[in-house]
Amino acid sequence: MESAVSISQLVKTFVLKKREGIRWTSTDVKAVDGITLEIEKGQSVAFIGPNGAGKSTTIKMLTGILHPTSGTATVLGCLPWKERTKLARRIGVVFGQRSQLWYHLPPGDTFELLSKIYEIKKDVFKSRRDMLIERFQLSTFLDTPVRKLSLGQRMRAEVACSLLHGPEVIFLDEPTIGLDVIARQELRDLIREWNQENGVTVFLTSHDAGDIQHVAKRVVVINHGRVVLDDRVSRVRRQYLREKVLSVKYADMPEPFSLSGVKTLKESGHAFKFEVDTLVVPIEKVMTEIMRIGSVVDITIEDPPLEEVIAHIYSTPSAAVTDDEADDDIDNDESVS
Amino acid sequence: MSKYFYIAITSIRSKLAYLGEIGSKTIFLFVVLYIFLCLWKVTYAETNQTSLGGLSLKQMLWYLVVTESIIMSLPPIATLVDQDVRTGSLAMQLVRPLSYPLNMLANTTGERVLSFSINFAVGSIIALIFVGPLDFQIQSIAMFLLLLPLSFALDFSIYFLIGLAAFWLEDTTGLTLIYSRMTMILGGMLIPLELFPDGWQQVLRILPFSAIVYAPARTFVTGDVPLFLSLLAQQFAAILVFSFAIRVVYAIALKRVFSHGG
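In the order they appear, the protein sequences are chains A and E. For what it's worth, the numbering used here labels the leading residue of the first sequence as 16, then goes sequentially. For what it's worth, the numbering used here labels the leading residue of the second sequence as 1309, then goes sequentially.
None of these hints come from the bench; they were simulated from the model. On a predicted model such as this, the values are computed, not experimentally measured, just so you know. Mixed in with the good hints, there may be bad ones.
Quick look at which bits of chain E chain A covers, simulated, 3 or more residues with Cβ under 8 Å [said to hold, decoys possible]:
#	region
1	1310 to 1321
2	1396 to 1406
Estimated spans, in silico, between C-beta atoms of each pair [to be verified]:
#	chain 1	residue 1	chain 2	residue 2	range
3	E	1338	A	97	50 to 56 Å
4	E	1313	A	222	39 to 45 Å
5	A	98	E	1564	18 to 24 Å
6	E	1490	A	181	46 to 52 Å
7	A	145	E	1537	50 to 56 Å
8	E	1564	A	118	26 to 32 Å
9	A	97	E	1532	46 to 52 Å
10	E	1532	A	193	56 to 62 Å
11	E	1401	A	45	23 to 29 Å
12	E	1447	A	31	56 to 62 Å
13	A	31	E	1510	47 to 53 Å
14	A	97	E	1401	14 to 20 Å
15	A	34	E	1407	33 to 39 Å
For glycine and all other residues, C-beta sits at the position ideal for the given N, C-alpha and C.
The shape of chain A in the complex, shown without the other chains (with noise of 0.2 Å):
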């Protein structure tokens, strides 16, 4: 499989200049500290660390914004920061915090106006506006001034935006900031139908957990410039949280239920919730004696919210997973929980 984005050993080192009375002293910072990526066409991968852990810097080396202090990457085969430009006609930028839209001018304006930068020929520009018109469903607010907009309205516009001319691979970071529950979730559809149905390469960084879950199938965490977990989406939260928790209803009082590494977590009058620890008993011995202890008459297993996960990450560095093992899981998985 071909690579999108190809990463090398990438450092970048700041000099931050501090005042003490009337002398400077300069100290180094490493942002990024040794970063080896290899992320292969049309894949979707979130990019997640702290504040701090080096995610835009990052991002802005990629993008050719940055000269790395040593290290190398390619993006589709282009030097970034020695080919700024070519590059910039292959790739789709969104910076949740900044908007590329003229704020007076309605976005269909702006279609019209990223046409001529990007230098798209006329049918190519009519086509692909249209198709993203209806696919983003921009058709009611085309004509109305961005300042009039929502956030929701805004954010899918400026998505649709870096997708006019046809990008290989598409930058996103923080895309959902600030939008309430639907706009989020639409936006988040809308991304990975992009990255499924026209094989666009996905590098999403962001904060919140439910973009990573529902956008990405890998997940690449940083923190203090270094990887220090590369792996599926999927696995991740397998490996790093184990428990589930099962909601279980019965027509009657069931028998009295106890097993290792299953905790009652509430009990309500013939509903239960549990806690299981699928390291200490696998979750198939625990449904056949919930089964057998009563009559079920509904029963939900949740899975653990990914933030956790990601916080429990965070608090563990050791935890690197390498890179070579995480990319043979990611052909095989197809399903994104």
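With the hints as your guide, set chain E onto chain A.
Same frame as chain A, now just chain E:
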């Protein structure tokens, strides 16, 4: 190049949302022109002259219409660049197949052309009412139309450089203020260069300020060909120097992008 032209057109359309602001500026223009008309009337009467610095009272008011229209049409170029640098918006612009300086030039020039046109139209009506029409010559208008865009380009390049200073300075408003006042005073906004002392005139004709304000205005009212040619040369030389400065400073500044905007 067509993309930058389209950016300029889009900028004009966007600026049309601020018609109220443009309208309020023209009220100020009316007040300024009326005050200066009164002052120059007194000056001409007191000195008992029909021509000062080679200009009649009528030409003097038309001269002021052009200079005031140029100065009042100025978009906040340095502030925009300063904000782009400080907020990190510059990074957003670097990920497009665009030159940031040319994008900013197209953007602000589009806006300026619209503001200038409105100011000039209103100023002309005021001049027509108070002093009547100027003896227009096609060649002076042609020369003026050549010098005006160069004047905008030169003014842009200096403000752009000031804006880039945000990479090194905490605040660029001081520089902007100094430069804008120098353009007004030394560029001949209120008084044509010919009325400055001889020694001053020599210096002012070399400095870039007069190439921005005095050059198009003086050519518009007198249509003097030799003067036009020397002003054109002055503009070209200044644009060359400042374009080169932008090239050098911008290349150095790009290496400092990291410290601005996270």
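Here is how each hint holds up against the structure:
no. : hint                       : in the structure
1   : 1310 to 1321               : holds (count 6)
2   : 1396 to 1406               : holds (count 9)
3   : E:1338 / A:97: 50 to 56 Å  : holds (55 Å)
4   : E:1313 / A:222: 39 to 45 Å : holds (41 Å)
5   : A:98 / E:1564: 18 to 24 Å  : holds (21 Å)
6   : E:1490 / A:181: 46 to 52 Å : holds (48 Å)
7   : A:145 / E:1537: 50 to 56 Å : holds (53 Å)
8   : E:1564 / A:118: 26 to 32 Å : holds (27 Å)
9   : A:97 / E:1532: 46 to 52 Å  : holds (51 Å)
10  : E:1532 / A:193: 56 to 62 Å : holds (59 Å)
11  : E:1401 / A:45: 23 to 29 Å  : holds (27 Å)
12  : E:1447 / A:31: 56 to 62 Å  : holds (60 Å)
13  : A:31 / E:1510: 47 to 53 Å  : holds (49 Å)
14  : A:97 / E:1401: 14 to 20 Å  : holds (19 Å)
15  : A:34 / E:1407: 33 to 39 Å  : holds (35 Å)
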